[in-house]
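Q: Protein chains in written order, with numbering that gives the first Met the number 0: chain A, 0 to 338; chain B, 0 to 338.
Since the hints were made in silico from the structure, they are not lab data. Please note: incorrect hints may appear among the correct ones.
For chains that are exact copies, the list does not tell them apart, and a pair is met inside one copy or across any two.
With a cut-off of at most 20 Å between alpha-carbon atoms, the simulated PhoX-like pairs for lysine-lysine come out as follows [unchecked claim]:
| hint | residue 1 | residue 2 |
| --- | --- | --- |
| 1 | Lys244 | Lys25 |
| 2 | Lys248 | Lys221 |
| 3 | Lys249 | Lys134 |
| 4 | Lys249 | Lys275 |
| 5 | Lys134 | Lys248 |
| 6 | Lys251 | Lys268 |
| 7 | Lys269 | Lys251 |
| 8 | Lys25 | Lys91 |
| 9 | Lys134 | Lys1 |
Fair warning: this is a prediction, and the values are worked out from it, not measured in the lab.
Each chain, written out:
2 protein chains.
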Amino acid sequence: MKIIIDAMGGDNAPAEIVKGAVEAQKEFGVDIILVGIEEKVRECLAEYGGAGNSHISVVNATEVVDMHDEPSMACRRKKDSSMTVGLNLLSKAEGDAFISAGSTGALLTGATLIVKRIRGIRRACFCPVIPNGDKGVVLIDCGANVDCTSEYLLQFAYMGSFYASAISGVENPRVGLLNNGSEDTKGTDLCKETHALLREAHEEGRINFIGNIEGGDVFTGKVDVIVTDGFTGNILMKSIEGTAKFLMKKIKSVMLCSMKNKLAALVIKKDIGAIKSLLDPNEVGGTPFLGITKPVIKAHGSSNARAIRSAVMQAISIVENDISGKIADNIEHMKLRSE
Amino acid sequence: MKIIIDAMGGDNAPAEIVKGAVEAQKEFGVDIILVGIEEKVRECLAEYGGAGNSHISVVNATEVVDMHDEPSMACRRKKDSSMTVGLNLLSKAEGDAFISAGSTGALLTGATLIVKRIRGIRRACFCPVIPNGDKGVVLIDCGANVDCTSEYLLQFAYMGSFYASAISGVENPRVGLLNNGSEDTKGTDLCKETHALLREAHEEGRINFIGNIEGGDVFTGKVDVIVTDGFTGNILMKSIEGTAKFLMKKIKSVMLCSMKNKLAALVIKKDIGAIKSLLDPNEVGGTPFLGITKPVIKAHGSSNARAIRSAVMQAISIVENDISGKIADNIEHMKLRSE
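Chain A on its own, in the form it takes in the complex (with noise of 0.2 Å):
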């Protein structure tokens, strides 16, 4: 297996990205091509101990993608960018899976435009596993699609099943739709017509899904996956990273506060730590753009080594159960009825 990585992309690029790379190619044996600015991709492998490593390849790109770039437009006018550049790659098969940690805007254009969404496919969608100290839960959509239809919606649950039972290895992930409510007839408009659409495909026992959830329920154990918009499920996920983001900092400050509390942080430190990993999106490592017809996976932008070695795992877990391959058998049952 071969996994393509755009090593510019991120705020730690590229000094990070090769660490991680380095590290990922030890700890899982896959090849690895990097893509950047050659002479600075090379200063990087030989610090972190990749130089002689057969395994890692670099291929040359002038360009990087900033910020700055319109997201619409960054592939297409950067045509000699890390980010283009390992697109081009992977939609010519020159490796299996492509991670980048450049802006997330531009990455789905570019996903799209070049290596294109599987037939059938109305919308590519963005779709992190939230930590909840358990399995974690899928949530799809999350940014990439702020105007939805039901159908999309449908195409979304079949996705993040295959995506749930990949990555957690749960055997018929249990499908929830997020609602301001849990009674079925709950919510709006585009709300009631999916729930229309998953009682379907459930009772045709092709989904297993579970109705109407609510934003706590992440937490409950009760889902593995969450269907919404993206609009609706950027909104989640930014509420839940800051409300624990709140709650670890006031703890830490009370763990200050004084001379007493501070011996006694220095006994619970360890395991206070351990929850605050538990959430800690590093350890999740990326996030793919589902839809697409090979894997395009999204690492954070304050990607460090780790983050990038995690995205590697997963990018790993991804290709191995082929998830592209899995939504394109399955495309007739995505569809609506009445086309």
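Given chain A, work out where chain B should sit, using these hints.
A: Relative to the frame of chain A, chain B by itself:
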């Protein structure tokens, strides 16, 4: 000032409701009317030292609205319920505000039906204060109106501003529009239309609009009023509650997982408890329905005496600041220009 309280609403009625009412009367010196099954209410009054209090009166109501009643019909069907009788007392100016811990849906429908919307207000809305360790953030709307127009949201922004001024004393509350990114161009069509209306109101000096804010901004201290539709507001609030509950449970389990942790926990327990109560809805008390001609306040269904006391304190502040009057006085600004 006279506060009418539904003695029969909520999980802990009538005991905790009456107890909280007695405490609030003593602490704040207001007059209180308790509405409910008279015999039961008087028993509780005797138990909690309110029997001889001349500032507390009881109005008999033989029925109780419960969770099995269809919300839209409850007040119509149970005309002698404590909720319906209480709303009628408010409507006839027998008191200045009405508090109930009963069904949210029934109370909203009852308030609209009996106490009526302010002339020109398109929709009454539910407007909780989310605790954030500081003055809290007003979330408007939260669950009452699933489908909204930009005009509803413009009205929510004004109503939320008056309310935030009243409860937190902020002079020119910062209003943010909940969106999936902070850039002006982000969001659904509804977001973009509302953004334009709020920008216009800001430029005319009628509102302090700070632009789009994200799900995590409840805790960043940059916004006082979060404007959104009732669907998204519900997702935001539930996810905050769920995350906080999950983390506090994890912290608790760390503090109990070993003898040494238990000993350390004894030292910091009180300070950790203070963080928990930061987010405790019982401290916030009630949530008003704004847009109704007189103050109608929903107390949490699980309200204890402390929560009822907090709700009375909040009712007093809403009456003193004449929120309903301010909304009515500003109704011309709250309409679309095209009308």
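Q: Now, for every hint given, state plainly whether the structure supports it.
A: Okay, the hints, checked on the actual structure:
Taking the closest pair of Cα atoms, Lys244 and Lys25 never come within 20 Å of each other, the shortest separation being 33 Å inside a single copy and 40 Å across copies. Only between protomers do Lys248 and Lys221 lie at most 20 Å apart by alpha-carbon distance; the minimum there is 17 Å, versus 28 Å within a single protomer. For the homomeric pair Lys249 and Lys134, the shortest alpha-carbon distance between copies (16 Å) is at most 20 Å, but the shortest distance inside one copy (26 Å) is not. Both within a single protomer and between protomers do Lys249 and Lys275 lie at most 20 Å apart by alpha-carbon distance, with minima of 12 Å and 10 Å respectively.
Taking CA atoms no more than 20 Å apart as the test, Lys134 paired with Lys248 passes between copies only; the shortest distance there is 18 Å, against 25 Å inside one copy. With identical chains, the CA atoms of Lys251 and Lys268 are at most 20 Å apart both within one copy (9 Å) and between copies (13 Å). Proximity of Lys269 and Lys251 under a CA criterion of 20 Å is satisfied in both settings, with 12 Å inside one chain copy and 14 Å between copies. Taking CA atoms no more than 20 Å apart as the test, Lys25 paired with Lys91 passes in neither setting, with 26 Å inside one copy and 78 Å between copies.
With identical chains, the CA atoms of Lys134 and Lys1 are never at most 20 Å apart, being 26 Å at best within one copy and 53 Å at best between copies.
Hints 1, 8 and 9 from the earlier list are contradicted by this structure; the remaining hints agree with it.
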